[in-house]
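**Q** Here is how the chains run, residue by residue.
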Amino acid sequence: MSLGAYLAVATALFVLGLAMMIARRNLLYVLMGIELILNAANLNFVAFARYAAPAGGEAALRGQVFALIVILLAVAEAAVALAIVLHAYSLFDTVRPEEPDLLRE
Amino acid sequence: MGWLSSIDVLTWIVFLPALGMAAVMLLPSASKRAIRGVAVLVTVLAFALNLYVYVAKFDRWSGAMQLVTEANWIPAFDIFYRVGVDGISLPLLLLNTLLFALAVPASFGIERGVKGYFALFLLLETGVSGVFVSLDFFLFFVFWEVMLLPMYFLIGIWGGPRKEYAAIKFFLYTLVGSVLMLVAMVACYLDAVPHTFDLLKLQELARNGQLDGTRLLHGGILLGLPFQTWLFAFLFIGFAIKVPVFPFHTWLPDAHVEAPTPISVILAGILLKLGGYGMLRINFPFAPQAFQDAGTFLALLGVINIVYGAFVAMAQTDFKKLVAYSSVSHMGYMLLGFAAGTTWSVNGAMLQMLTHGVSSAMLFLVVGVIYDRAHHRDIARFGGLSQRMPFYFGLSSLGIFTSLGLPGLAGFVSEAMSLAGSYEKFPTLVVISVIGVVITAAFFLWTIQRVFLGPLDEKYASLPEISAREVVSQAPLAVLCVALGIFPVLVLNWQMPAIETFLRLIAPK
Amino acid sequence: MADIVFDGGDFARLAAVPLIPLGAFFVQTLVGRFGPRKGDWIPVGALAIAAALGIFEFAKCLTVWNPGFRVEWKEAFDWIPGPAESRASFGILYDNLSATMTAAVGLIAFLIHLFSVGYMHGDRRYASFFAHLCLFSFGMLGLVLSDNFLSFFACWEVMGLCSYLLIGHFSEKPSAAAACKKAFLTTRIGDVCLFLGIAILWTRLHTFRFTELWDAVPRVLAENGGAYPGWLVTAGLLIFAGAVGKSAQFPLHVWLPDAMEGPTPVSAMIHAATMVAAGVFLTARAFLFLSPEARIAVALVGSFTAIFAATIGICQTDIKRVLAYSTVSQLGFMIAGIGVGGIAAGLFHMVTHAAFKACLFLGSGSVIHAVHTQEMPQMGGLRRRMPITYGTMLVSTLAIAGVPLFAGFYSKDAILSSTLVHAMEHGSILHALPAIFLFTAAGMTAFYMFRLILLTFHGEPRDAHKFEHAHESPWVMTVPLTILGFFAVTGGWIFGENWFLELGKGLPGMVVAEGEAAHHEHEAHGIAMWGSIGVAGAGILLAFAFYQWRKFSAAAWAERWGPVHRWVKNKYYVDEFYLATVVRFVMFLTAVQRWFDVWIVDGLVNLVGGIGRAAAAVSGWFDRWVVDGAVNLVGWLTQLWGGVARLFQTGRVQTYVAWGVAGAVGAASVVLWMA
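Protein chains in written order, with the numbering used here: chain A, 66 to 170; chain B, 12 to 520; chain C, 529 to 1203.
Don't read these hints as lab results, they were simulated from the structure.
From the three backbone atoms N, C-alpha and C, an ideal C-beta is built for every residue, glycine too.
Treat each hint with caution, since some may be false.
To be verified - Facing chain B, a subset of chain C residues (Cβ under 10 angstroms, in silico):
no., residue
1, Thr557
2, Pro611
3, Ser656
4, Cys721
5, Ala960
6, Ala1082
7, Val1102
8, Met1115
9, Thr1118
10, Gln1121
11, Phe1124
12, Val1126
13, Val1129
Start from the sequences, fold in the hints, and give me the full structure.
**A** Written out as structure tokens, the structure reads:
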């Protein structure tokens, strides 16, 4: 498998995630879309670490470390985001992203 | 308390009222008695100090500036706190503190805004006293402006029906004068070498012909006229407005008519004299040659004041306005005397400031008494008051006869001196001005006839006689009317040496 | 001759003569009214002391008997200090003239005070009346003792004030209120002229002192080639104008008859001892300053006034007005006498006149006090009721009419002979006019004075009610009358005939006739004496013919001369003339200048104010619509832009994301395209 294939998958994941973020009418799905985008990025990190950096070098390790950090951040982010969603739900009785538009006007 | 005695006595005289003002501000506005008490205390104390200086500390045989104190104020612009008195300013200062002390009891009738009234009133006294003692042009100007504001409010708030109009007219008119003075002041400062605001030094420079504008842009020449001419004209207009000299006089009747009685007293008694004082101290000595050149013109203005003022006074139906126009007429003698520039005429003119201060203050108090009782001042609607108020009639007549220049009373000495002294220089103008003397007698006597003589109107059958408080205000002035008429030396001895100094300053080269 | 030395004590006594009444005035004004009897004894006592001192010093002066007697107390009081040329100090000049006047004024003023105690009894303003009367006396006493023009002028004006206050004593009467104002203003016109005259003399000669001025006149004449320089002529005439005002000479005579509005003692005071005499006194003091032409003018003014007032006096029915016009007329005699050079004669007449005119006025006061009217047609026959008043008034009338042996005869005779000498010396009709006028006026005087006596005291009572209530006055009134009557009889010769004329030779400007002039004088004296007796007799006879024997009817004569009679009776309409011209002109000027002040001067000020306000309005409009408009335009544009921009702000997260992506894509495309 070549780098191109990994990138293609990552691109697909990114586009799917983006589409979910923009189009889904449920905040949970929007969060999932974000996770997809993050994973697309992670895939890229790992792929580039494997193919673009000299093997065994420090740079190769760096890409994988980044991926791990992103996963950790994604966990933390998901926790916070879910909390926000829950709170928003209790406030607005909905998890639809277009309903809470108090900032408008 | 050692530092108290280290402050010189003139500073005390000037700033005591300001301290009084601070005290008044601290008192609650409901405690009217305390406020009035402070005002009495402060003004009487200032007068007492002043009298002490007049009698004991001042060397009357010297024509020089005395009791001079100097302190740095704004060194960057050579501005000093510099005060002192000579025989010209000291009598006026004394008159000033006296009139303020007498105006306080006359102000007891004011019930509205007592706190604000007395605060402004005391500030006014500081301003006026400060003008008389300042020896620094900048300081002079500052005090000159300090006095403007309280006057504006005193007329504008505690005045009569057209008070706003009168107050604004007064303010704007005086401000125009101030602006001209400011320009002249800055020009003098810049022209002097070294730069200075010291009045005495500037006088000396002018005497030596060094205040000629050569260090200014274009050598001070403007529209083809030399700097000295401009300087003289600016300063003259500035002070003439205050005097007031025809045709700048119309703010005076309005301000007088609308101002409350004690403020009219101050206005006529002392504020008008600031104009004359400014001429003696600044205007003429700063531009002696221009003064000599303009002599005839000034005398002409003086005569117009005398005759015109008297005629217009005769036409008035409002008692207060009549007295106001009589002031215009009387200030003409002063200007005429100055213009002639002889020993007698200038001494007479100077004395005229004082005697008019006494007599006009008295007359405004007289008008105030009648206004408080009858609530109008229309001469034609009175009549026969002498039957109801004989004592008041006596005081009024004394004031009126002083004002119309009856020998034995104060007004005669000054009028006689300025007219006789001016005859040498302006015989024709003096002859014309005696018409004013006759007309003055005519309108005053006519007023007496209409107000005090004749049958008593039923309406006024129950007017109360003048009260003790009103007598307190008038009695010292009445005594002065007689005393200055018989013993003019009480002032002349003080002022004559200083006038000699002044005459040397303005003498033609 | 002059073996009596005047020392400091004498001068102290002389200074006390005016100062004691002055002090009494202050005491009486301030505290006297609260004292017993309302303090009337203070002024009366003061005048008694002043009169006594005056007479004492006068007696001393008599013993010296020196025509040139003159002592001075120079610079007793510095009024205006300073070096010599700008100094004014008061002192005392005591010569025969002031000695006589001090004594006469003091005595007469004292008698008038005494009389007033009775006459003014129960008056509402009793206390202040005495205060003013006292100040009046001070004025005259100070005036006659003044050694300089300034204190002279001061006293002169003080009298003006007192006349004002006293004439206006019954001020609740509108006529009195108007009369006092008229008196003050009319004399004031003369006063300012006098002041100008003094100012001219001072400007040229640098002194106010009489003696120094007199000494300077010959010097000035010598410098000017013996002629009077223009300024001196002007000064002399101006000073005389002061005398015209004070002594009620034509054309400023109008105030004196109106001054009758005052209480009668005041009239006596003004007409006899003070005020009007001051003008004559001044003319004498200032005689040297009058050029020969000016002296003719003086003589003509005086003599014209004499005859002018006499004609009016004939037609009056008010007893006090007759006396008033007689005063004007007699003053004309004095002024004319001085004008023709008979200074001593004029002053002699002034002194005798003071005595008999005071007596006449006080007598008329006594009559008025008794019958409460001043109209002679309502009197008549009073001599039976008031013998003392009648007697004293009769001798005074004989004196004023110029009947030999009475005081007025000697003095009037002296004046008449002076005018004759004057006429003879110059021989022109102009110089003869004073003599003609005065002889005629002397006859008229006799006529109207006897008319007064006959109408008042003789005949049948015309008002029975008033007659019944008439009674003789109390002693305080009759004693002064008697004393004055005594002097009216003896005043001409009590100190020896021509005592005054002889001493008067020491007066400045008095020329002692010699040679041919002396001959003229002798000749004239004879003519004058017989002439004056003749005209006086004729006048008296005519008066008896009209009013006692009823040979002619006064009413019928008045009828026959209707228009003329009305014209004269109404004082030639001089008052009306002044009212229509001078007063109206002044009021016109007043109105014009007031208009000018309100509409032009103040109008200009308000116009400037208006222009300022208009400019403010224009700037306000500009500020609102142009300056502020620009600011608002910016704001509006910003708002517009905001309106567009807000379209992107939906508040929906997903929209933002979409726009973010679109932006990123756009930016990336631009970057790629650029590359």
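**Q** Against each hint, give a clear statement of whether it holds in the structure.
**A** A quick look at each hint next to the structure:
no., hint, verdict
1, Thr557, "holds, 8 angstroms"
2, Pro611, "holds, 8 angstroms"
3, Ser656, "holds, 8 angstroms"
4, Cys721, "holds, 8 angstroms"
5, Ala960, "violated, 35 angstroms"
6, Ala1082, "violated, 36 angstroms"
7, Val1102, "violated, 19 angstroms"
8, Met1115, "holds, 8 angstroms"
9, Thr1118, "holds, 5 angstroms"
10, Gln1121, "holds, 4 angstroms"
11, Phe1124, "holds, 8 angstroms"
12, Val1126, "holds, 9 angstroms"
13, Val1129, "holds, 5 angstroms"
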